[in-house]
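Kindly generate the complete structure, drawing on both the sequences and the hints.
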Amino acid sequence: MPRLSRRSAVSRLALASLLAPLGPELVLAATTPRRGGTLTAIVQPEPVVLTAAVNTAAPTQFVSGNVFDGLVDYAFDLSLRPSLATSWEVAPDGKTITFHLRQGVLWHDGQPFTSADVKWSLENVWQTIHPRNKSIYKNVETVDVPDEHTVVLRLKAPSLAIMSTLNASGATILPRHLYEGTDILTNPYNNKPIGTGPFVFKEWKKGEYILLERNPHYWDQDKPYLDKLIFKVVPDAAARAAALEKGEAQYAILSPVPLREAERLGKLPQLRIETRGYEWLSPVFYLDFNIDNPYLKDVKVRQALAHAIDLQAIAKIVWYGFAVPAISPVPSTVPFFHNPDVPRYAFDPARAETLLDEAGLKRGANGVRFKLTHDFLPYGDDFKRTGDYLKQALKRVGIEVDIRAQDTASFIKRVYADRDFDVSSSWNGAFPDPQMGITRIYWSGWVGSGTPWTNASGYKNPLVDDLIDQAAISPDAKARAELFRKFQTVVQTDLPTLPLAELRFFTLHAANLRDLTQQGDQVYASVKNAWFDTSAE
Amino acid sequence: MASLHYWARRLIQIIFVVLGIAVINFFLLHLAPGDAASVLAGEAGAASPDYMAALRAQFGLDQPLYIQFARYIGNILTFNLGFSFRQGLPVLDLILQRLPATLLLMGTSIGFAFLGGSALGVLAARRVGRGADIVISTVALLFYATPLFWIGIVLVVVFSVWLDWLPVGGMSSIESGYGGIAYALDVARHLVLPAVTLGLFYLAAYTRLMRASVLSVMSRDFIRSARARGVDERRLMRRHVVPNALLPVVTMLGVQIGSILGGAVLVETVFAWPGLGRLAFEALFQRDLNLLLGILLCSSIIVVLVNLGVDLLYSVLDPRIELN
Chain C
1 MPRLSRRSAV
11 SRLALASLLA
21 PLGPELVLAA
31 TTPRRGGTLT
41 AIVQPEPVVL
51 TAAVNTAAPT
61 QFVSGNVFDG
71 LVDYAFDLSL
81 RPSLATSWEV
91 APDGKTITFH
101 LRQGVLWHDG
111 QPFTSADVKW
121 SLENVWQTIH
131 PRNKSIYKNV
141 ETVDVPDEHT
151 VVLRLKAPSL
161 AIMSTLNASG
171 ATILPRHLYE
181 GTDILTNPYN
191 NKPIGTGPFV
201 FKEWKKGEYI
211 LLERNPHYWD
221 QDKPYLDKLI
231 FKVVPDAAAR
241 AAALEKGEAQ
251 YAILSPVPLR
261 EAERLGKLPQ
271 LRIETRGYEW
281 LSPVFYLDFN
291 IDNPYLKDVK
301 VRQALAHAID
311 LQAIAKIVWY
321 GFAVPAISPV
331 PSTVPFFHNP
341 DVPRYAFDPA
351 RAETLLDEAG
361 LKRGANGVRF
371 KLTHDFLPYG
381 DDFKRTGDYL
391 KQALKRVGIE
401 VDIRAQDTAS
411 FIKRVYADRD
421 FDVSSSWNGA
431 FPDPQMGITR
441 IYWSGWVGSG
451 TPWTNASGYK
461 NPLVDDLIDQ
471 AAISPDAKAR
481 AELFRKFQTV
491 VQTDLPTLPL
501 AELRFFTLHA
511 ANLRDLTQQG
521 DQVYASVKNA
531 WFDTSAE
Chain Z
1 MASLHYWARR
11 LIQIIFVVLG
21 IAVINFFLLH
31 LAPGDAASVL
41 AGEAGAASPD
51 YMAALRAQFG
61 LDQPLYIQFA
71 RYIGNILTFN
81 LGFSFRQGLP
91 VLDLILQRLP
101 ATLLLMGTSI
111 GFAFLGGSAL
121 GVLAARRVGR
131 GADIVISTVA
141 LLFYATPLFW
151 IGIVLVVVFS
161 VWLDWLPVGG
171 MSSIESGYGG
181 IAYALDVARH
191 LVLPAVTLGL
201 FYLAAYTRLM
211 RASVLSVMSR
221 DFIRSARARG
231 VDERRLMRRH
241 VVPNALLPVV
251 TMLGVQIGSI
261 LGGAVLVETV
271 FAWPGLGRLA
281 FEALFQRDLN
291 LLLGILLCSS
301 IIVVLVNLGV
311 DLLYSVLDPR
321 IELN
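Chain order of the listed sequences is C and Z. Note that UniProt numbering has the first sequence beginning at 1, numbered continuously upward. Note that UniProt numbering has the second sequence beginning at 1, numbered continuously upward.
In case anyone wonders, no lab produced these hints; they're calculated from the structure. We treat Cβ as the ideally placed atom computed from N, Cα and C, and that holds for glycine. Don't take each hint at face value.
[To be verified] Using C-beta positions, here's what the derived DEER-type ranges look like:
(1) Phe69(Z) - Ala477(C): 51 to 59 Å
(2) Phe69(Z) - Asp183(C): 41 to 49 Å
(3) Ala53(Z) - Asp465(C): 16 to 24 Å
(4) Gly321(C) - Asp164(Z): 27 to 35 Å
(5) Ile14(Z) - Thr182(C): 20 to 28 Å
(6) Asn80(Z) - Ser449(C): 33 to 41 Å
(7) Arg71(Z) - Arg34(C): 55 to 63 Å
(8) Lys384(C) - Thr138(Z): 31 to 39 Å
(9) Pro147(Z) - Asp469(C): 51 to 59 Å
In structure tokens form, the structure reads like this:
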């Protein structure tokens with residue numbers, strides 16, 4: 001199991017008061033952030049652009065989150081915290097959302113940040129080219145800016161999911177004065193971003209590094225504490241492990257080293273392993289069953305497969321404890337929408353065999369009932385290992401599995417465009433709202449569209465489509481949660497997709513890098529709170 | 001006159017070879033399933049069909065293959081390598097950004113392999129059957145048989161992590177802000193491990209080749225007669241044995257330049273070296289075909305030119321070989 005050794009702020013305060021008699025200097029050194037220092041982070045793969053507004057790939061968000069601020073941040077429990085918006089109101093009918101903006105905020109080029117920037121970004125980026133937000137913001141009819149620090153969204157129909165997209169990565173605000181009238185996708189500032197955030201873009205040496213420097217005019221007093229922030233491109237996993245171990249890099253996110261290395265590195269005195277900060281992403285790992293397959297079209301067969309797979313073994317052994325068994329497609333890290341009362345399929349190979357017999361798929365002379373192919377997500381060894389486990393587990397109940405490997409482009413075409421597969425694996429970020437990352441796996445409109453990480457199974461259920469559509473425009477948070485709970489019950493009964501595990505991605509960072517992980521969207525947020533503790537040296 | 005004729009023939013040959021490679025590359029790469037738009041959409045984590053359609057239109061991927069091919073050939077004939085939509089830069093710019101790092105790495109490792117391999121080969125041949133020969137031959141065989149990436153990782157663990165003598169990877173210490181000579185020294189420190197890793201395999205090959213070659217030359221009649229004329233050993237090696245023994249090594253060098261580019265992919269990945277090999281490797285997985293085709297075209301030009309250079313070198317090493 002990962003060792004979660006970052007002390008909470010509370011226990012650190014308690015420690016400080018214990019140490020107080022020893023002398024004020026020592027206590028100050030251990031608890032008060034110190035200015036200065038260069039933080040070298042590892043980014044892999046190299047980002048395509050540095051502005052999350054035009055590309056929501058993880059490496060882009062990792063860098064972009066330090067240059068831009070969002071209207072809000074998300075706490076560990078996914079509640080909203082002020083950032084560029086100091087307060088906000090949602091009208092009871094859900095059709096008006098008002099944001100009050102922070103005053104005196106400057107873009108890195110010295111221009112003032114105003115409500116006009118927010119309005120322009122919403123209308124020209126979030127509603128048009130942003131791949132995830134387009135459908136969530138489509139009901140916004142007009143954006144009023146009564147003054148420079150107030151933004152009022154007026155909607156045709158409610159869209160409460162908006163409230164889960166508002167951080168620097170989910171809804172990046174671009175400087176209108178640099179983007180208006182240009183082709184947003186090819187604007188040169190995408191690669192030399194101008195934000196309002198704690199770090200200012202300095203240089204991008206392709207293939208090597210991205211350099212950011214402290215923003216001396218940052219609105220959040222005294223912050224950031226670090227002078228420089230370097231993102232180094234390190235393509236090889238063993239080299240990443242070596243760089244972290246040696247201290248050449250002090251921060252890396254999204255499980256940067258192989259899982260079997262993680263435990264060893266986490267135990268080194270100079271390194272810490274951290275699994276918090278991924279709550280806003282909330283990754284869930286699942287299998288898609290192609291329901292056009294002559295065997296898998298029978299719900300009994302799909303349920304039998306669920307009984308044949310030991311989710312505990314996948315979490316504990318295959319994923320080295322960096323995962324917990326999934327109960328429903330909406331993970332437990334999104335407690336407001338998670339439904340723990342869905343039908344569950346306990347690990348029970350005997351039950352699986354009974355179900356398969358009932359489906360008329362008896363074992364043949366060689367003990368084999370039928371054959372399936374499995375295309376695993378080509379995102380590294382962990383997904384292949386899960387495929388190996390699947391092969392073993394299904395063999396026990398008489399199903400022969402052939403594992404097929406390919407690169408990402410081939411995988412996307414095979415699974416989401418050609419649908420030439422039986423069982424595939426994938427993971428989606430659930431995000432704080434199922435509408436952002438989960439419903440796309442089940443909504444029938446996505447079938448065969450060639451769009452990655454959408455409905456691969458071919459599942460078409462009008463009831464599910466209806467629940468999804470209703471929830472999208474429900475003005476009442478509680479009623480919405482109820483709709484999503486019902487949705488989870490239906491899809492866990494029909495089981496076109498089998499949620500396997502809630503992945504626990506980890507961050508590795510230097511032990512003396514303090515106060516790094518402060519929020520639920522930390523991995524895509526800035527390191528403005530982080531500082532190097534040199535008191536031990 | 002004969003020489004002019006020779007050059008004209010070689011030039012025409014080169015043009016046809018490079019064009020042929022370009023055409024084959026184009027169709028081979030278009031056999032790969034999936035395209036750049038689906039890769040970008042996949043990385044974005046979320047996308048919609050119209051987002052992907054917009055990307056395809058922007059990249060020109062919505063055109064039929066014969067139009068894409070006509071455009072590509074038209075571009076090549078006007079010395080235009082096209083545009084990498086993924087990176088948002090002309091392919092030529094991207095290649096020129098990475099070329100110095102690649103040439104530095106390749107030049108150093110080839111130089112190391114060629115000089116070191118030849119010297120060790122001569123040494124082993126002169127002590128044939130004795131201790132030094134056995135040690136050199138065994139070690140050479142060991143490096144010849146060990147995979148490149150593994151050597152790289154072991155060197156990192158030993159020299160960077162344990163001994164802390166050399167940096168883990170990259171091309172320079174970004175945070176130090178060195179300039180001038182300090183910067184050159186810093187790059188040199190970063191260059192040692194990747195160049196040694198890439199060079200060791202070839203060093204081993206050249207050692208073995210040079211040893212065999214020296215042994216075979218030493219048994220030839222003209223060496224015996226030189227000895228009989230009273231030429232002393234050192235001069236004998238330098239003037240008579242080594243130049244003749246080098247011919248097969250030089251041939252091998254010319255043949256292997258292409259595969260050194262291939263090996264550079266691994267080494268550049270392990271050491272985070274910002275070279276062309278890694279760029280090509282990433283372009284393949286990202287289906288950035290314009291960029292990949294550009295890199296392959298440039299590599300084929302380099303290989304063809306190096307082979308031309310090797311032919312020239314023959315006539316220097318052995319004046320009996322003429323250029324026609």
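Right, here's what the structure says about each hint:
Against the hinted window of 51 to 59 Å, the Cβ-Cβ separation of phenylalanine 69(Z) and alanine 477(C) comes to about 55 Å, which satisfies the hint. Checked against the hint of 41 to 49 Å, the C-beta distance between phenylalanine 69(Z) and aspartate 183(C) comes to roughly 27 Å, which is inconsistent with it. At about 23 Å, the beta-carbon gap between alanine 53(Z) and aspartate 465(C) stays in the expected band of 16 to 24 Å. Checked against the hint of 27 to 35 Å, the pair glycine 321(C) and aspartate 164(Z) passes, with Cβ atoms roughly 32 Å apart.
Between isoleucine 14(Z) and threonine 182(C) the C-beta distance comes to about 43 Å, which lies outside the given range of 20 to 28 Å. The given range of 33 to 41 Å is respected by asparagine 80(Z) and serine 449(C), whose C-beta atoms sit roughly 35 Å from each other. Between arginine 71(Z) and arginine 34(C) the beta carbons are some 57 Å apart, a value that agrees with the proposed interval 55 to 63 Å. Roughly 37 Å separates the CB atoms of lysine 384(C) and threonine 138(Z), a value that falls within the hinted 31 to 39 Å.
At roughly 55 Å, the beta carbons of proline 147(Z) and aspartate 469(C) sit within the given window of 51 to 59 Å.
In this structure, the earlier hints numbered 2 and 5 are contradicted, and the remaining ones agree with it.
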